[in-house]
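Student: The lines below spell out each chain.
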Amino acid sequence: MVARVAGVFDEKLTEAIANSKILVVGAGGIGCEILKNLVLTGFPNIEIIDLDTIDVSNLNRQFLFHKEHVGKSKAQVAKDSALGFNPNVNIVAHHDSVISNDYGVSYFKQFQIVMNALDNRVARNHVNRMCLAANVPLIETGTAGYAGQVELIKKGLTQCYECQPKAPQKTFPGCTIRNTPSEPIHCIVWAKHLFNQLFGEEDPDQDVSPDTADPEASGEAGASALSTEGNTAGNVERKSTRAWAAESNYDPEKLFTKLFGDDIRYLLSMENLWKKRRPPTPLVWDNLPGKDNAPAQHSGLPDQRTWSVHECAQVFAASCSALQKDLKSRADGDHLVWDKDEKSSMDFVTACANIRAHIFNIPLKSRFEIKSMAGNIIPAIATANAIVAGLAVLRAQAVLRGDINSCTSVYLRPKVNHRGQLFVPEKTLTPPNPKCYVCAPKPEVGLACNLKQLTLKDLTTAFKEGLNMQAPDATVEGKGLVVLSSEPGETDHNNEKTLEEIGLNDGCALLVDDFLQNYEVRVRLQQEDEEKSWRLVTDTDAPMPAPKEDEKPANGSNGSDPKPGPSTSRTRADSDSDMEIIEEDDDEPTVKPPKRRRTEVSDEIVNLC
Amino acid sequence: MVENNDIELSEAEAEQYDRQIRLWGLESQKRLRASKVLIIGLAGLGAEIAKNVILSGVKSVCLLDNEKLKEIDLYSQFLAPPDKIGENRAEASLTKARALNPMVEVTSETKSVDNLPDKFFQEYDIVCATGLKQEQLERINNACRDSNKKFLCGDVWGMYGYMFADLVDHEYSEEIVQHKAVKRGSDDAEKNARETVSINVKRRAIYVPLQNALSVDWTRPEMRSRLRRGDPSYFVMKILLRFKDEYNRNPDPAKRKEDTKILLRMRDELVKELSLPAGFIVDALLLDVFGTVSGAAAVIGGVIGQEVVKAVSQREPPHNNMFFFNPVKCVGFVELYGQ
Numbered sequence: 002m003v004a005r006v007a008g009v010f011d012e013k014l015t016e017a018i019a020n021s022k023i024l025v026v027g028a029g030g031i032g033c034e035i036l037k038n039l040v041l042t043g044f045p046n047i048e049i050i051d052l053d054t055i056d057v058s059n060l061n062r063q064f065l066f067h068k069e070h071v072g073k074s075k076a077q078v079a080k081d082s083a084l085g086f087n088p089n090v091n092i093v094a095h096h097d098s099v100i101s102n103d104y105g106v107s108y109f110k111q112f113q114i115v116m117n118a119l120d121n122r123v124a125r126n127h128v129n130r131m132c133l134a135a136n137v138p139l140i141e142t143g144t145a146g147y148a149g150q151v152e153l154i155k156k157g158l159t160q161c162y163e164c165q166p167k168a169p170q171k172t173f174p175g176c177t178i179r180n181t182p183s184e185p186i187h188c189i190v191w192a193k194h195l196f197n198q199l200f201g202e203e204d205p206d207q208d209v210s211p212d213t214a215d216p217e218a219s220g221e222a223g224a225s226a227l228s229t230e231g232n233t234a235g236n237v238e239r240k241s242t243r244a245w246a247a248e249s250n251y252d253p254e255k256l257f258t259k260l261f262g263d264d265i266r267y268l269l270s271m272e273n274l275w276k277k278r279r280p281p282t283p284l285v286w287d288n289l290p291g292k293d294n295a296p297a298q299h300s301g302l303p304d305q306r307t308w309s310v311h312e313c314a315q316v317f318a319a320s321c322s323a324l325q326k327d328l329k330s331r332a333d334g335d336h337l338v339w340d341k342d343e344k345s346s347m348d349f350v351t352a353c354a355n356i357r358a359h360i361f362n363i364p365l366k367s368r369f370e371i372k373s374m375a376g377n378i379i380p381a382i383a384t385a386n387a388i389v390a391g392l393a394v395l396r397a398q399a400v401l402r403g404d405i406n407s408c409t410s411v412y413l414r415p416k417v418n419h420r421g422q423l424f425v426p427e428k429t430l431t432p433p434n435p436k437c438y439v440c441a442p443k444p445e446v447g448l449a450c451n452l453k454q455l456t457l458k459d460l461t462t463a464f465k466e467g468l469n470m471q472a473p474d475a476t477v478e479g480k481g482l483v484v485l486s487s488e489p490g491e492t493d494h495n496n497e498k499t500l501e502e503i504g505l506n507d508g509c510a511l512l513v514d515d516f517l518q519n520y521e522v523r524v525r526l527q528q529e530d531e532e533k534s535w536r537l538v539t540d541t542d543a544p545m546p547a548p549k550e551d552e553k554p555a556n557g558s559n560g561s562d563p564k565p566g567p568s569t570s571r572t573r574a575d576s577d578s579d580m581e582i583i584e585e586d587d588d589e590p591t592v593k594p595p596k597r598r599r600t601e602v603s604d605e606i607v608n609l610c
Numbered sequence: 166m167v168e169n170n171d172i173e174l175s176e177a178e179a180e181q182y183d184r185q186i187r188l189w190g191l192e193s194q195k196r197l198r199a200s201k202v203l204i205i206g207l208a209g210l211g212a213e214i215a216k217n218v219i220l221s222g223v224k225s226v227c228l229l230d231n232e233k234l235k236e237i238d239l240y241s242q243f244l245a246p247p248d249k250i251g252e253n254r255a256e257a258s259l260t261k262a263r264a265l266n267p268m269v270e271v272t273s274e275t276k277s278v279d280n281l282p283d284k285f286f287q288e289y290d291i292v293c294a295t296g297l298k299q300e301q302l303e304r305i306n307n308a309c310r311d312s313n314k315k316f317l318c319g320d321v322w323g324m325y326g327y328m329f330a331d332l333v334d335h336e337y338s339e340e341i342v343q344h345k346a347v348k349r350g351s352d353d354a355e356k357n358a359r360e361t362v363s364i365n366v367k368r369r370a371i372y373v374p375l376q377n378a379l380s381v382d383w384t385r386p387e388m389r390s391r392l393r394r395g396d397p398s399y400f401v402m403k404i405l406l407r408f409k410d411e412y413n414r415n416p417d418p419a420k421r422k423e424d425t426k427i428l429l430r431m432r433d434e435l436v437k438e439l440s441l442p443a444g445f446i447v448d449a450l451l452l453d454v455f456g457t458v459s460g461a462a463a464v465i466g467g468v469i470g471q472e473v474v475k476a477v478s479q480r481e482p483p484h485n486n487m488f489f490f491n492p493v494k495c496v497g498f499v500e501l502y503g504q
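Residue numbers (our numbering), protein chains in the order written: chain Z, 2 to 610; chain E, 166 to 504.
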C-alpha cells in the first residue's frame with residue numbers, strides 16, 4: 002500500500018491515485034518538483050524520462066541533485082532521490098530522449114496522465130502529438146523567471162499545444178549580421194556563426210564575410226567594390242573560412258587581421274552602405290584600444306566586468322588556440338559544438354562579439370551579459386518551479402477525480418494583477434481550434450514555396466522544421482505516388498530534384514504522415530515566385546512563420562518584426578539541435594504569452610499608509 | 166534590514182547561483198547571503214519553505230520544532246526520511262536540509278516556542294512560522310516587531326493554504342521597465358527602434374501585526390463591500406485556526422467524517438456571527454482540509470519562500486499582507502487586512 006494514511010483524500014481520489022500510472026517528461030527544475038509531489042502523495046507508478054545530465058548551474062533549484070551528482074543522468078538521480086521519500090513507489094527512470102521509436106503511441110497509452118516538464122518547443126510539440134494520438138490527458142507546464150503556467154491538453158476537449166501559432170522567433174537579415182550590425186545581439190550572432198565557421202559544423206547560411214549581394218550595396222558603388230575584389234586579400238575567391246584559417250594554422254594575428262581589418266576595409270568599399278550610417282573602423286592587431294590601461298576597478302562578479310578591446314584580442318588569441326587544440330584532438334571530420342557553459346567557446350564569442358561591436362560603434366557587453374544573450378538563458382528559480390509543479394499535481398488529482406472540466410489553464414504572474422491575483426485561472430477550458438493543423442479531425446495546412454526552386458530535400462526540411470515531424474512520409478493525394486519515404490534510400494535519389502521536376506504543381510495536395518507521431522496532415526502546395534524558402538499557410542489565412550531562425554535575444558532587444566532580406570541568418574539554437582530534453586531555462590521561452598492579460602503595475606496592493 | 170556585506174561572491178557561489186543572479190541581481194544575492202532565517206514547524210509546509218530558502222543561498226537557517234515525526238507528515242515532508250518516525254521533526258530533517266546547499270549553515274532547535282524567550286526570535290532577520298496556534302503566532306509576531314524584525318506565517322490544511330506577512334516598515338526597490346524610442350545615427354535602418362530601459366524606484370510599505378489582520382470588523386461598510394466581490398478564503402483560515410484552538414489539533418484524516426461535521430458547524434456559527442451571506446463559504450472549501458497535500462504545500466511554500474527572498478533582498482514589492490490559495494477555483498490572491 003503506497004498511500005499511507007487514509008482520509009487525506011476522499012475515497013474516489015484515493016482509489017484513482019492507487020490505480021494510476023503517470024509519465025513525467027523532463028527531470029529538470031519542474032520535473033524534480035513534480036516527481037517529489039507525486040511520490041509524497043502516494044502515486045504508485047511513475048515513469049520519468051530525461052536525456053540530460055546534471056550541471057552545477059542546476060543545483061540552485063533542481064533539489065533532488067547535489068554537487069556529487071554533477072555529470073550524472075537527471076532521470077536516474079531524480080528517481081534515486083525521490084525513492085528516499087517513499088520507497089514503496091515504483092519509479093522507472095529513462096535516461097533517453099522522449100522523441101524515439103521506443104516511446105510510441107502504445108507506450109503513451111499506458112498512462113492515465115502525462116505531465117510535461119520540458120523546456121523546448123520541439124519536444125513539447127512531439128509529446129503533444131503523442132498524447133493526442135494516444136488520447137491521454139497532458140498537463141503542460143512551464144516557467145520563466147517569476148512567471149509560469151499550467152495547462153491541460155485533452156484531445157477534443159481543449160486546444161492542443163499547437164492550436165495557436167507561437168510567437169515568431171526573432172530573426173536577423175543576413176546582411177545585418179554580415180555587413181551592417183547596429184546592436185550587440187547582431188555581433189553576438191555573428192560571433193556564434195564565426196565559431197561554427199572555424200570550429201563547428203559549417204553552414205553556408207552562417208557566412209561571416211561581407212555580403213556582396215546586399216541590395217543596399219548595389220549600384221555603382223557596389224559595382225566598384227566588386228571590381229576591385231581581386232585586389233582585396235581574403236575575398237578573392239569564395240574559399241571557406243575554415244580552409245583559410247587552417248592554412249594559416251589558426252594564427253590569431255592573421256585571423257584577427259582578416260576578420261577585423263581586411264573584411265572591414267572591404268565593407269567600407271561598399272560605399273552605399275555608409276552614406277547614411279556611421280562607417281566601421283578597421284582595427285590593427287598591434288594597436289588596440291585599452292592596451293596601455295590598467296584594468297579598471299571593478300566590483301561585482303568578474304564576469305560582469307566589460308573587457309577592453311585589447312583584452313578581447315588577448316582572449317580571442319587564447320580561446321582560438323584552445324579551440325583549435327580541441328578540434329585537432331578529434332577525429333577527422335568531427336567538429337565542435339558551441340556551448341555557453343564551455344569556457345573557451347564562451348570566451349571566443351564574448352571576445353569576437355565585443356571586438357566587432359567596437360568596430361561598429363556598438364556598446365560593449367560583459368561576458369555575463371553576452372552569455373545570457375548568446376545562450377538564450379531564461380533564468381529559472383526554485384520557487385516558481387515549486388508553485389507550478391504544485392499546481393500541476395493538484396490539476397492531475399482533479400483529472401483523476403473526474404473533474405477534468407474544472408482544469409482550466411492557470412497562470413502564475415510575476416506580480417499580482419489589478420484584482421490582487423497571483424495565480425490566475427482561466428474561467429473556462431479553451432476549446433480546440435477547428436483549423437489546427439495538428440488536432441483538427443482532418444488536419445490541413447498550406448505550404449507556400451517556389452516549386453521551381455524548392456528541392457525534395459528542402460521539402461523534407463519543411464516537414465521536419467515547419468511541421469515538427471520526425472520521419473515524414475509523403476504521397477500525392479489521389480495518385481498514391483510516393484514522393485518522400487522515411488525508409489532510408491527509397492526516395493533519396495530525388496533529393497536534389499525540384500518539386501516541379503517530380504511533377505508537383507500549384508494546388509497539388511500531399512498527404513504527409515509521421516508514423517511515430519501517428520499524425521497525418523494534408524499539405525496544399527501554393528506556388529509563390531517570390532518565396533525563397535518555404536512558409537506554412539494556415540486555413541485562417543494568417544501566415545505562419547517558418548521557424549527558420551532560432552536566434553532570439555533573451556532580453557533587452559527591441560521587438561521589430563523580422564524583415565525579409567536577400568539571405569537570412571539561420572542558426573539553430575544550440576541545445577535544440579539534437580532535439581534533446583533540456584533544462585527549462587535554456588533556449589525556448591517556456592511560457593506562452595498569456596492571452597487577454599495585460600501587465601498592470603500593481604501599486605495598489607502595496608498600500609503606503 | 167539585512168546589511169549587504171561587501172565581500173564578493175566566491176566562484177563556487179557565482180556558479181551555483183548563476184541563474185538567480187541573472188534574475189534578481191548580484192546585490193540581492195549578497196543580501197540573501199547575509200541573512201539569518203528561522204523556520205518554525207517542520208511539517209510539509211515548513212519543509213517546502215526550508216528547501217526554497219536554503220536553495221536561495223541565505224547565510225543560515227534554523228529549523229525549530231518540538232514535535233515528533235508522524236506517519237502523516239510523510240505525505241508532504243520530504244526532508245525527514247520515513248525511518249525517522251518518532252524522532253524530533255527538526256532534527257530528522259537536518260541531514261537532507263544541509264545536503265540541499267552545503268554553503269548554508271543549517272541548525273535545529275527542539276524546544277517549544279512557548280519555552281523560548283522573545284530574545285530568541287529577535288536573533289533572526291526573518292521568522293517563518295507554520296503549524297502554530299493563533300496566540301503563539303501573535304506573540305512571536307510581536308516579539309519580532311519589537312526589534313523591527315520581519316515575520317511571516319502560514320499554514321496548509323489539505324489542499325488549502327494561506328500566508329500572512331508583517332514586514333513592519335519595509336523599504337525596497339522596484340524595477341520599472343520603460344520603453345523609449347531610440348535613434349542610432351542619422352539614418353537608422355530600424356525606424357521605430359525601441360529600447361527597454363529599466364529603472365529602480367525606491368518604495369516603502371507599512372505593515373500591521375497579525376492580530377489586526379485577524380480581528381477585522383466585518384460590520385464596516387468597506388468590509389461589507391469586499392464580501393460582495395470577494396473570495397471566502399479568509400474565513401476558511403479563521404475556521405481552521407478556531408478548530409485548532411478549540412481541539413488543540415488540526416482536522417484529522419482518520420476522523421474525516423466527524424471533523425467535517427464540526428467544520429461545517431463552525432462555518433455556520435461564523436456566518437451567523439459575522440452576518441456573512443448564506444452560501445458564501447461553500448462546503449467544498451471545507452472538505453479537503455485534511456492532512457497536508459504535497460501539491461498545496463509546494464504552492465504555499467513556494468509563495469512564502471519567494472516572499473522571504475523579496476523581504477531580505479529588499480527587491481520587488483512583497484505581498485501586503487495576506488495571500489490565500491483557494492483550491493476549488495485554483496486561484497491565488499493577495500488581500501490587505503487590518504489597516
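It is worth saying that the hints were derived from the structure and are not from the lab.
Keep in mind that a hint or two might mislead.
[Unchecked claim] What follows is a set of in silico ranges between Cβ atoms, one per label pair, in the way DEER data are often shown:
| id | chain 1 | residue 1 | chain 2 | residue 2 | range |
| --- | --- | --- | --- | --- | --- |
| 1 | Z | 108 | E | 363 | 56 to 62 Å |
| 2 | Z | 203 | E | 248 | 34 to 40 Å |
| 3 | E | 363 | Z | 322 | 36 to 42 Å |
| 4 | Z | 338 | E | 175 | 41 to 47 Å |
| 5 | E | 363 | Z | 420 | 51 to 57 Å |
| 6 | Z | 73 | E | 284 | 53 to 59 Å |
| 7 | E | 388 | Z | 107 | 20 to 26 Å |
| 8 | E | 175 | Z | 250 | 52 to 58 Å |
| 9 | Z | 266 | E | 367 | 46 to 52 Å |
| 10 | Z | 323 | E | 275 | 50 to 56 Å |
| 11 | Z | 428 | E | 362 | 32 to 38 Å |
| 12 | Z | 20 | E | 412 | 46 to 52 Å |
| 13 | E | 448 | Z | 420 | 34 to 40 Å |
Since we're looking at a predicted model, the values are computed, not measured.
No residue lacks a Cβ here, since even glycine has one placed at the ideal position from N, Cα and C.
Student: Going through the numbered hints above, which ones does this structure break? Give me the numbers in ascending order.
Tutor: The structure breaks hints 1, 2, 4, 5, 6, 7, 8, 12 and 13; every other hint is satisfied.
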